[in-house]
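Next come the chains, spelled out residue by residue.
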Amino acid sequence: MGDPVVEIHGLGVYFRLQQRSRMSIRKALLGGGLRRNAPVIWALREVDLTCHEGQVVGVIGPNGAGKSTLCLVLSRILEPDEGSVSVRGHVSTLLSLGAGFNRELSGRENILLNAAFLGIPRKEIGRRMEAITEFADLGEFIDQPIRFYSNGMRSRLGFAIATSLDPEILVLDEVLSVGDRAFRAKSQARIESMMARSRLIVIVSHATSFLRKVCTHCLWLDRGHVRRFGPAAEVLDAYEQEVGGIDIDPSVDASEV
Amino acid sequence: MDSTWPNIVSRRDLLRELTLSELRSRSAESRLGWLWWLIDPLIMMLIYWGIVVGIFGRGQHYQPYPVFVLCALLPWKHLQSALTNAAKLLRNNEGVIKAIPFPTMVLPLSNVLSGFTYFLAGMVVLFAAAVVAGLPLGLPLVQLPALMAAQLLLVAACSLVATCFGALIRDLSGFLTHVTRVLFYACPALYGVDLVRERAAKLGGGLGEWIPVVYMLNPFAILFEGYREALFYGGFLEARHWAVLAVEAVVMFAAAQRIYRYYDRRVIKFL
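These protein sequences, in sequence, are chains V and B.
For what it's worth, my numbering labels the leading residue of the first sequence as 109, then goes sequentially.
For what it's worth, my numbering labels the leading residue of the second sequence as 7, then goes sequentially.
The set of hints was computed from the structure by calculation and includes no laboratory data.
Glycine included, each C-beta is placed from N, C-alpha and C at the ideal position.
One thing to keep in mind: the hints can contain errors.
Stated by the list, open to error - Only part of the chain V face toward chain B is listed, based on derived beta-carbon distances under 7 angstroms:
#1 S132
#2 R184
#3 A207
#4 A224
#5 H325
Make the full structure from the sequences, and use the hints.
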């Protein structure tokens with residue numbers, strides 16, 4: 109086995125409680141705005157993780173365990189407050205679909221905008237435009253402003269753009285149930301083909317049966333700490349035993365992303 | 007992805023696409039579309055002309071007054087709209103900031119650039135008004151590119167600071183609206199710098215000498231004066247004013263981007 113693709117040592121990320129509510133002008137001017145001693149909540153603490161090429165790592169845990177924060181750190185959106193994170197390779201993210209869309213612009217114009225956010229070069233996107241519109245399958249809506257789209261249609265377009273990349277390292281956060289049944293089958297197939305081409309995948313999901321199918325390893329987070337990391341079946345068994353084995357199957361779950 | 011210059015340069019496609027999207031979406035929102043870019047400065051010019059000349063019976067000192075006042079109104083409008091947008095910028099884009107890694111500094115920069123496009127459209131109106139008024143437009147026009155460059159740096163500097171503090175302080179946008187309104191009257195927009203010198207001279211003594219010097223340290227006062235020299239008076243801005251403007255614009259921008267980069271990843275936790 110070569111160099112690990114992801115190496116995390118003693119990772120800690122905290123939020124100050126006051127960061128939840130921003131201060132006002134009055135507080136900022138009269139002092140007492142940013143209290144250094146405000147209570148701190150560690151979203152992640154003392155997290156160690158090493159991932160190698162070819163792994164598919166599922167991340168599980170209850171709400172507020174730090175799964176999404178881990179995704180933000182891996183994709184370099186948040187910086188660690190403690191410890192070190194090294195990621196070898198370009199990270200593509202699928203954290204929320206349709207973020208960055210401009211409501212007033214058409215689907216086609218939003219493809220250009222969203223692709224620019226993702227860092228896809230302009231020439232490249234010209235070539236992929238056809239494939240993206242075809243995959244999103246929005247018919248004449250593609251030339252209508254996004255504000256006329258339903259939530260499902262918006263997610264479909266977001267999914268089609270974000271997955272048009274060939275990712276090296278792919279970070280997915282609960283974006284596996286998009287659109288209607290027909291689209292869901294198509295999107296599952298695409299995710300699986302992306303997985304086959306990526307060097308490393310980190311995937312957050314509550315759907316343990318899905319993780320059991322695709323993951324090689326699993327990371328169980330609990331209140332910001334690593335509860336267990338190891339081969340997928342082992343960790344999932346332990347997790348299901350603790351939470352009672354209630355599974356959420358993405359193909360049944362009707363909730364949108 | 008941090009807001010370092012190499013990262014921003016590598017994402018220049020995003021900067022362009024954001025600026026164009028902003029322009030496209032705003033003209034799609036209104037019935038008249040991009041024609042509004044010309045109508046807006048025209049109305050602004052007519053309102054101030056009506057109030058100052060028509061109602062107060064002032065401004066004979068500066069003929070033609072519409073051209074005089076628009077020279078200051080256009081760059082000021084650029085600053086004002088950039089600032090009020092900037093304070094809400096990160097919060098309004100929270101979704102994409104937390105979903106896709108990109109240097110967030112492109113958000114305030116594209117905000118400044120789209121505002122600059124409206125400014126350029128306003129310059130077309132100003133130019134037309136100057137031609138209609140029969141002003142001698144000649145060699146002093148060569149000052150315009152340098153003035154615009156200074157303006158871009160100044161507006162970007164103010165916007166970058168407002169953008170990161172806007173994420174920390176929730177009511178900054180409303181506060182900035184009031185602050186810019188007050189500052190507007192402190193700048194030589196509706197009146198000329200000559201009036202400041204004249205009034206100060208009446209005070210006499212050291213104070214009379216110092217007030218205009220301090221007054222002209224305000225980069226926007228120099229900027230307005232510069233546009234007026236180029237388009238209204240048909241003269242050249244004094245060399246020392248150029249020097250002050252250049253130093254202030256560069257220093258303010260350098261400082262502002264340092265501040266922004268310090269808060270860059272830190273403010274994301276506040277969104």
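Practice task
Provide an ascending list of the numbers of those earlier hints which the structure does not satisfy.
Solution key: 5
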